[in-house]
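S.K.: Bring the two chains, given one by one in their own frames, into a single complex with the hints.
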Amino acid sequence: MSYHALPLLNKEGEFPVVKKMALISLTGISKTYQMGAVLVDALCPTDLSIKQGESVSIMGRSGSGKTTLLHIMGCLAPATSGEYLLEDVSVSSLSDLEMAKARNQSFGFIFQTFHLLPRQTAVQNVALPLFYNGTPKEERIAKAQDALQQVGLENRANHLPAELSGGQQQRVAIARALVNRPKIILADEPTGNLDSKSGDEIMNLLLELNHKGHTLILITHDTDISKRLKREIMIADGKVIHDR
Amino acid sequence: MIVETFLNALSNLALNKLRSGLTLMGVVIGVAAVISMSSIVEGGKAMTVSMIEKLGTNLLSVRPKTLTEEEQRAFTGRSKGLRYADYNAIVQSIAVAHQVTPVTSARLQIKQGDRNESVMVEGVLQTYMEIQNYEIGQGRFLLSEDEIGFKKVVVLGKEIAEKLFGTGDPIGRDIKLGDHRFIVVGLLAEKGALHGINYDMTVVIPATTLMKLFAGNDLLTSIIVKVDERKKMKQVSHKISAILLQRHDGVKDFVIRNQDQLVRNVEMIVFTFQVILGGTAALALLVGGIGIMNIMLVSVTERTSEIGLRMAVGASRQAILTQFLIESVALSTVGGVIGILVGTLLGGGFGWLANRAIDGWNAVILPSSVVLGFFFAIGVGVAFGLYPAYKASRLAPAEALRSD
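Residue numbers (the working numbering), protein chains in the order written: chain Y, 1 to 244; chain F, 1 to 404.
In isolation and in its complexed conformation, chain F is listed as follows (with noise of 0.2 Å):
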């Protein structure tokens, strides 16, 4: 019965299109909005994270801090800055499941015959290319033996070696860096780039042969470490900080930074987004509401004497309060899945333009989130179409009868 009764809703409505129509606009827009909105919202954080995980995962970094003069002045002469012995120190006290790297790194002219650039190279570990997620495309990644004898051997990124080299096969081949002569040992398959480091153009060597021919020293850029397991995350970052604390006479002249808290922060920002969106969409589907309410009225108003006619051949108040609730769940529901299609389409195109402005930056549709659209549509519905039901409901069949 409640069925049949939709159905008949449905075709009322559509015996009065323009008004339905424009009825149901304000739950269009509320579904709309919240669907289109959230599915940008959605899809920008699927990029931030895909782009945080592409990093590699389970990161810490470790790096000098910018000391304020006060600060400088005051630890003169206990602390030597990050070094390699701390990179050492490191390795040896933390579980061997962790990896980590030194990074070292120098702005070098990098040199094949007439070619010429300029470039940041970095002085890095075998591990360095698993803890940032690199592959290698051809050749071979740098060796602990490359390390040991200070070896004059490179790795390239996909781009710069094809700026030096063209087409051709750098494997075997030299290149100059500065005014040391090394041989291109591997090359590494492409990765991109994110937040304005390309990582095509990297250019690797052992960390040992940077600092002996090219830094004059054993300062660090910095120590990665990956974590085996996101959960011992925060109990490694303390286990360094100790370490380093006791090292550096309890200077803390280094920041650990953390993949996980950035995702963090990602997902706090995405929660504000969504927040202020909800709020928004609310807004849209009261005014929807109240939209339906205010035809409902009208329309029980007009259908006096056809109330009164059905209850005289037998509608109870509750067979007639029903019938009008479900005429207004019937209106919300319909601009609830136009709702949901609009949404789907403005989603897409928001979609669109957005991958045009940022490269990887797609609409993310949740079904959660249509499914809430639609929920909330029959909930308007429900919610609004109560008083005018009501109203119906209590005419006295009588005067109802006589009010032609």
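Just chain Y, with the same shape it has in the complex (with noise of 0.2 Å):
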């Protein structure tokens, strides 16, 4: 079986509504870690489903697993047991390569410390991703050049990232994971290490990106950002104690 992104939008530039099928369902879905002799479990078996368009908020003090569960969704860490469907695909069925498309069509990552590549400019950070789907460089650049335009930083896109204050970082980390169009967005703490203006900011921008039609998926221990979004989920110890 392999990978397949379905087309994102319909020619009216909107998503295909198949709210029916679930984008993301895991069942049973377990992680252990080795810790020299000792096994730990960061997540415990766990039943969730995530359909397309929702916003969810995962909350949850540190080490209670919320991020092993976004690695595990977003295909950068396979889970010890239990079966992840995306898009009715089976994930523990991919290969290496086909994981490495599926991180690149469905999955736009947003991180805390925004994880830009110091060296590249804004645009060349945007367009990484397209680097790896083996787009031609001009077109590259133009879609770069348009994501940065969504996110209000076209008039930066040569700055170095060390140049840019670091809400503008986190909009051209966002331009990146928008730049390939896909279902989901996942948001490790993405206001972390922005003042509170600027979290702002981001957030307004991550549900306006929601409201857009993507899937919006977020980390965060803030209970003011989480009322924002339509779904909470609380984890603790590895388990999931609440899901609204």
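Any given hint might turn out to be false.
Unchecked claim - Distance condition first, Cα-Cα at most 30 Å in a straight line; then the derived DSBU-like pairs of lysine-lysine:
| id | chain 1 | residue 1 | chain 2 | residue 2 |
| --- | --- | --- | --- | --- |
| 1 | F | 231 | F | 191 |
| 2 | F | 232 | F | 212 |
| 3 | F | 17 | Y | 137 |
| 4 | F | 252 | F | 80 |
| 5 | Y | 137 | F | 391 |
| 6 | F | 158 | F | 176 |
To be verified - Which residues of chain F face chain Y? A few of them, derived with a C-beta cut under 10 Å, are:
| id | residue |
| --- | --- |
| 7 | 4 |
| 8 | 12 |
| 9 | 15 |
| 10 | 310 |
| 11 | 311 |
| 12 | 312 |
| 13 | 316 |
| 14 | 398 |
| 15 | 401 |
| 16 | 402 |
Stated by the list, open to error - A partial selection of chain F residues facing chain Y, derived with a Cβ cut-off under 8 Å:
| id | residue |
| --- | --- |
| 17 | 305 |
| 18 | 306 |
| 19 | 309 |
| 20 | 313 |
| 21 | 314 |
| 22 | 315 |
| 23 | 319 |
| 24 | 351 |
Just so you know, these hints were derived from the structure itself, not from any lab.
Don't be surprised by glycine CBs; every beta carbon is placed ideally from N, CA and C.
M.R.: Here's what the structure looks like:
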């Protein structure tokens, strides 16, 4: 079985409505780490289903397993057991190349520490995902410019990350997450390193993207932020203790 | 995509100039050593071969062999040594295409006016000029009627002619060889010196004249044969050996030396040098490769989070492997190119020094050694970059991302 991303937008520029089908479906997913001689259960067997277009916050203390859950959903780490269906395709059956393709096509990642390449300009950073799906160079730059425009940074395209404020850096990271038009945006405490004003702006941007149809899954420990999302999942000690 | 990755790798190297430079050093030294040293060895070879060719190519020379006391006792009365009659026998039994000359010699005082030199005078035939690659500068060389008529004529090398006559024209003038008066009939064109023999000090007279006037016997210093084709050298050599053995009653009191063999000896020596150089260069490149591997491992560790991010946005393991492999190849390629430049310059410098020591010894940089050096450098980059690149590609994306 191989992974094929479904066409994201229809002719009218809207997401095709397939609300019935779960975009992400986890059944009995768990993660166990080996720490020396000790086995640590980072995530107890968990069932979870997320539909297209949802906005989900994952709350929990540090070490609760929320980042582990996000990494498994984002195909960044394999689960120890259980079944993960991404658009009805079993992730555990994917080859390395198909996993890479899934990360490239289906997900846009946003991190607390931005993870921009320091020696590349904003537009080069944004274009990076396009490099890995073989987009020709000129098209890459054009699409990256478009994405920068969406986050309001079109006039900062040739700046290095160090020349941008934290909020601007996170916008660049969001543009990078958007550039391949992924269905799902995974954000790991996207406002954690920002002051409240830029944090607010970033949240507004992410919610706007959710309204446009991108599924938003966001880790936070800020209840004010989680209140702005439709669904809230609370994790403690590797277990989902609350799902609203 | 590979080209783009390569260019990115180069700009990465440029960001860390000191570190990259130090890492490159091993490869630079290895490649530069191969190119500069082999250029000197090649230059030496070219010089030696050209010297040998200057002596005349396809030459066989037959010389009397000094016998041990034991051999002398055993062979007494059986052979009379290398004589003019042996020359005649050789000429009659080998194909006309090959040229032969006897050589007799005597050390004589040569006088012109109040100028006086002691020289080795050679008695030869007219074929000698072509056999020894001489060219006539003025007048003529010896003719067969000089030989038949025991004529007292002499042909002089350029330098000895200048010593005797200064800038004046010597043709038709006479000189004294020992107690006899000779007429100068020709001057040889300049030929230079080789192996301690100055060819411009040559004095030649007909062989018959020398035997009659000065030697008093028909013993020869040597018989020189110019074989018309290189591949016939062995065959002609065997034939001459057979004729002489028969004439000398089975006594092998002569040796036949082969110019071709000399060239082959030189090539053998050069090959030995090249093997030694190759080994040294391989060691230098090994050290260079270890340097590259070391720095690439450091780079992978330093850039773990970058690798995680690249994987998160869609880089497959293979793409990461390729990226790091290309970076190490870029390192070694730059090292190789610098090595070629440095090696060429060094080779030129060594060549200049060698030329001061021995005239005619220049650096010869073979395109093949440049190409070889270049591809070896690339090979080192691949061989020593493979493990670090593999290590990078095996990182788990989730853990790599956390390594900030």
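S.K.: Now look at each hint and say whether the structure bears it out.
M.R.: Do the hints match the structure? See the list:
Annotation: proposed proximity of residue 231(F) to residue 191(F) holds, straight-line Cα distance about 27 Å (limit 30 Å). The suggested pairing of residue 232(F) with residue 212(F) is violated, with an alpha-carbon distance near 35 Å, which exceeds 30 Å. This hinted pair checks out: residue 17(F) and residue 137(Y) have alpha carbons roughly 27 Å apart, not beyond 30 Å. A hinted pair counts as satisfied when its Cα atoms are at most 30 Å apart, and residue 252(F) with residue 80(F) qualifies at roughly 11 Å.
The suggested pairing of residue 137(Y) with residue 391(F) holds, with an alpha-carbon distance near 28 Å, which does not exceed 30 Å. Restraint check: the Cα-Cα separation between residue 158(F) and residue 176(F) comes to about 18 Å, which is no more than 30 Å; the hinted pair holds. For residue 4(F), the suggested interface contact is upheld, since its CB lies about 7 Å from the closest CB of chain Y, less than 10 Å. Hint status for residue 12(F) relative to chain Y: holds, with the closest Cβ pair at about 8 Å, below 10 Å.
Given the 10 Å rule on beta carbons, the hint for residue 15(F) holds: about 6 Å separates it from the nearest Cβ of chain Y. Taking 10 Å as the C-beta contact cut-off toward chain Y, the hint placing residue 310(F) at the interface holds, the least distance being around 7 Å. The closest approach between the C-beta of residue 311(F) and any C-beta of chain Y is roughly 7 Å, which is under the 10 Å cut-off, so the hint is satisfied. Checking residue 312(F) against chain Y: minimum C-beta separation of about 5 Å stays under 10 Å; hint holds.
With a least beta-carbon distance of about 4 Å to chain Y, the hint placing residue 316(F) at the interface is held under the 10 Å criterion. Annotation: interface hint on residue 398(F) holds; nearest CB of chain Y at approximately 4 Å, less than 10 Å. Proximity of residue 401(F) to chain Y holds as hinted, the smallest CB-CB distance being about 7 Å (cut-off 10 Å). Taking 10 Å as the C-beta cut-off, the interface hint given for residue 402(F) holds, the closest approach to chain Y being about 8 Å.
A hinted interface residue such as residue 305(F) counts as satisfied when its beta carbon comes closer than 8 Å to some beta carbon of chain Y; here the least separation is about 7 Å, so the hint holds. Taking 8 Å as the C-beta contact cut-off toward chain Y, the hint placing residue 306(F) at the interface holds, the least distance being around 6 Å. The beta carbon of residue 309(F) is positioned within 8 Å of a beta carbon in chain Y (closest approach about 4 Å), and the interface hint is therefore held. Taking 8 Å as the C-beta contact cut-off toward chain Y, the hint placing residue 313(F) at the interface holds, the least distance being around 4 Å.
The criterion of a C-beta within 8 Å of any C-beta in chain Y is met by residue 314(F), whose closest approach is roughly 3 Å, and the hint holds. For the restraint placing residue 315(F) at the interface with chain Y, the shortest Cβ-Cβ distance is roughly 5 Å, inside the 8 Å limit, so the hint holds. Contact between residue 319(F) and chain Y, as hinted, is supported at the beta carbon level, the nearest pair being about 6 Å apart and thus within 8 Å. Against a cut-off of 8 Å between C-beta atoms, the interface hint on residue 351(F) is violated, since the closest Cβ of chain Y lies about 43 Å away.
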